[in-house]
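There are 2 protein chains.
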Amino acid sequence: MSLDKFFNQSLSRWMDGTGSENTVVISSRMRLARNLGDYPFPGRAEPKQLDEVVQQVRRWWNIGGLEALGSVNFMAIKELSPSERQALVDKHLVSPALARHQQGAVLTNQEESVSIMINEEDHLRIQALLPGLQLDEAWRMASLVDDQFDGSFRYAWSPQQGFLTSCPTNVGTGMRASVMLHLPGLSLTGQLGNILATVTKLGIVVRGLFGEGSEAQGNLYQISNQITLGQSEDEIIEALNRLTLQIIGEELKARELLKQRDPDGLSDRVWRAYGILAHSRRISSREAMELISALRLGLDLKLIKGIPPRILNELIVFIRPGYLQKVFDRELQAEVRDSYRAQLIRERIKISESGGDTNV
Amino acid sequence: MSLDKFFNQSLSRWMDGTGSENTVVISSRMRLARNLGDYPFPGRAEPKQLDEVVQQVRRWWNIGGLEALGSVNFMAIKELSPSERQALVDKHLVSPALARHQQGAVLTNQEESVSIMINEEDHLRIQALLPGLQLDEAWRMASLVDDQFDGSFRYAWSPQQGFLTSCPTNVGTGMRASVMLHLPGLSLTGQLGNILATVTKLGIVVRGLFGEGSEAQGNLYQISNQITLGQSEDEIIEALNRLTLQIIGEELKARELLKQRDPDGLSDRVWRAYGILAHSRRISSREAMELISALRLGLDLKLIKGIPPRILNELIVFIRPGYLQKVFDRELQAEVRDSYRAQLIRERIKISESGGDTNV
Chain A
0 MSLDKFFNQS LSRWMDGTGS ENTVVISSRM RLARNLGDYP FPGRAEPKQL DEVVQQVRRW
60 WNIGGLEALG SVNFMAIKEL SPSERQALVD KHLVSPALAR HQQGAVLTNQ EESVSIMINE
120 EDHLRIQALL PGLQLDEAWR MASLVDDQFD GSFRYAWSPQ QGFLTSCPTN VGTGMRASVM
180 LHLPGLSLTG QLGNILATVT KLGIVVRGLF GEGSEAQGNL YQISNQITLG QSEDEIIEAL
240 NRLTLQIIGE ELKARELLKQ RDPDGLSDRV WRAYGILAHS RRISSREAME LISALRLGLD
300 LKLIKGIPPR ILNELIVFIR PGYLQKVFDR ELQAEVRDSY RAQLIRERIK ISESGGDTNV
Chain B
0 MSLDKFFNQS LSRWMDGTGS ENTVVISSRM RLARNLGDYP FPGRAEPKQL DEVVQQVRRW
60 WNIGGLEALG SVNFMAIKEL SPSERQALVD KHLVSPALAR HQQGAVLTNQ EESVSIMINE
120 EDHLRIQALL PGLQLDEAWR MASLVDDQFD GSFRYAWSPQ QGFLTSCPTN VGTGMRASVM
180 LHLPGLSLTG QLGNILATVT KLGIVVRGLF GEGSEAQGNL YQISNQITLG QSEDEIIEAL
240 NRLTLQIIGE ELKARELLKQ RDPDGLSDRV WRAYGILAHS RRISSREAME LISALRLGLD
300 LKLIKGIPPR ILNELIVFIR PGYLQKVFDR ELQAEVRDSY RAQLIRERIK ISESGGDTNV
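Residue numbers (numbering that gives the first Met the number 0), protein chains in the order written: chain A, 0 to 359; chain B, 0 to 359.
Since the hints were derived computationally from the structure, they do not count as laboratory data.
Hints are not guaranteed to be accurate.
No copy is singled out in the list; a pair is fine if it fits within one copy or between any two copies.
Claimed, not checked - List of simulated lysine-lysine pairs, DSS-like, C-alpha gap at most 27 Å:
id: 1; residue 1: K47; residue 2: K200
id: 2; residue 1: K258; residue 2: K304
id: 3; residue 1: K77; residue 2: K304
id: 4; residue 1: K349; residue 2: K304
id: 5; residue 1: K77; residue 2: K301
id: 6; residue 1: K304; residue 2: K47
id: 7; residue 1: K200; residue 2: K252
id: 8; residue 1: K301; residue 2: K258
id: 9; residue 1: K301; residue 2: K349
id: 10; residue 1: K47; residue 2: K349
id: 11; residue 1: K252; residue 2: K304
id: 12; residue 1: K47; residue 2: K301
id: 13; residue 1: K77; residue 2: K47
Build the full structure now, drawing on both the sequences and the hints.
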């Protein structure tokens, strides 16, 4: 079975491995929570009212309300198969909550760098998602979408509080800025716990790869601002940017330390990860994430060559259970999933292997 | 560093992967203990007397006493470097005891299928070592050498007891026949303990790869006759042969069971072993033996192709600490040895890999 076509179609912009500081920062995300003043917040609205919100946005989209974004896709959640919904979650385009919502919908642009969730916790959740560290650009993109809506809809907004949201933690700017960081160096040198504890004290939230409540796998951590009230958008972005650069500095120092302390041991870790990923016939999501983390570290440190970082960004999405079911177009039991996952990883790493293993 | 030249030179006949039943039987060995009637047994002889034994054999060899074997090599232990001695042990051509013996010597034919230890526990230990199950042929070869000596030397022999030896367990035929078996199927299905216990009750000795007192690694077991008195050579050989064929039958049944029970799991085990062996940068002898065992099982079951069994037989010798030191021609610390071992395995598996991984 060749998955090339699928792979070529499914790439989201944030996975493409480019962007500033891309050896540590996988992606940057800007999310704006907005509500329409003419309807109750989603938690208090009738299904009929929520449907109306969706229909209003849909009509507006139909007549070109979002044409500044180029070609935009509209998807009503209830019209999607379970595996299509899960794939949207795995690609970080919708939240797990929206994927379960009968009155939910989502708009995405062609490169999937912008997604707009309708009827999640708020009527609108405008999200811009880019590779590497580029919070400013993500803010610019989210802002552009925000302006389009603002020109056609009346937002729930008060001069004292700013944007009104379902949850008080979002009131004010309605903004959550976040970056996804790959921190194997800090993890392997045992410094991660301390750093994350410090970060938390500075009003920054640390989460695993798949948002709130999710466990950190593959040394991937999402950090985001906690405060939305009393700070301007620019201040929020600047604070998160500054902190991110500090963490990047610590991470790169830790990687150097690992290289100096035991170069052979590090190389062994990286190559074993490659050997298993390129050859296993059954692999759990957790083990795959750990090995992908080691392989990525090896690529960043040039201990191994020939695998574009893009491949690994895609893999952390593609190996998720929901995504696998979409790829193979059927419900899969856990053990079968582990076999399919291994197949997918092998094909993916093989495609890009040419020359990868010559540097022995 | 290319090790090709070394590899091509160092192959012993028993490693060549041929012979009957070679998916289970690595090698067959016949050993005859003999003593010269004119000298005390080695344990009671003066160094001067032991030197005389060596000189007598050496002179006889010099004038063509062993020309029936073709070109034969004579090596005095004290003239060898420590790593050369260890390499002889690793190739199963001399015992660890002989390798430490100042008055010891060894004769080997060109293909190293015959070795004759001088002044080990007995004056002469004639050994024939062949790939696969071929005890009869090994007996024929050892017998031929025995006849050559018998024509020129007076053996310590009594009509009542037969050949006299240092240790009473060898008196009579002086023969020890053994086969080295690879039993991953019985091990993985948990049947090995029972089978080995039964075998032991039948008067058969079970040992690890490197003889007496050595631990079984890589699912390799040597089984040999315990009794040397009151049975003819042919009876000893026949009994061992029959038992070996029974064990082979059980082992092959166990492998089939593994294949049926969980084909993906078995395939995964095999391919992971390959992935790690072909890519690791540091590996212990124990781990390497385990993985080589899994890889060999995969080759035998045709789950993986393109690696000749010969390569794996050689590797179980080449990865020994002493052998590594000979290959790289220096004393190596344990950690460095693990790196060199990994390098050696990678080069060896790579040489033979062409086409090996195409069957994905």
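Now for the hints, and whether the structure bears them out:
When the C-alpha separation of K47 and K200 is checked against a cutoff of 27 Å, the pair qualifies neither within a copy, at 43 Å, nor between copies, at 82 Å. Only within a single protomer do K258 and K304 lie at most 27 Å apart by alpha-carbon distance; the minimum there is 16 Å, versus 36 Å between protomers. Taking the shortest alpha-carbon separations for K77 and K304, neither the intra-copy value of 44 Å nor the inter-copy value of 49 Å comes in at or below 27 Å. In this homomeric assembly, K349 and K304 come within 27 Å of each other (Cα to Cα) both inside a single copy, at 13 Å, and across copies, at 18 Å.
Within a single copy, K77 and K301 get their C-alpha atoms no closer than 46 Å, and across copies no closer than 48 Å, so neither meets the 27 Å cut-off. Taking identical chains as interchangeable, the C-alpha atoms of K304 and K47 are never at most 27 Å apart, the minima being 55 Å within one chain and 63 Å between chains. Taking identical chains as interchangeable, the C-alpha atoms of K200 and K252 lie at most 27 Å apart only when both belong to the same chain, with a minimum of 22 Å there against 62 Å between chains. Within a single copy, K301 and K258 get their C-alpha atoms as close as 11 Å, which meets the 27 Å cut-off; across copies the closest is 39 Å, which misses it.
Taking the shortest Cα distances, K301 and K349 sit within 27 Å of each other both inside one copy (18 Å) and across copies (22 Å). When the C-alpha separation of K47 and K349 is checked against a cutoff of 27 Å, the pair qualifies neither within a copy, at 50 Å, nor between copies, at 66 Å. Proximity of K252 and K304 under a CA criterion of 27 Å is satisfied intra-copy only: 21 Å inside one chain copy versus 43 Å between copies. In the homo-oligomer, the alpha carbons of K47 and K301 never lie at most 27 Å apart, since the shortest distance is 56 Å inside one protomer and 62 Å across protomers.
For the homomeric pair K77 and K47, the shortest alpha-carbon distance inside one copy (14 Å) is at most 27 Å, but the shortest distance between copies (97 Å) is not.
Against the hints set out earlier in the document, violations occur for numbers 1, 3, 5, 6, 10 and 12.
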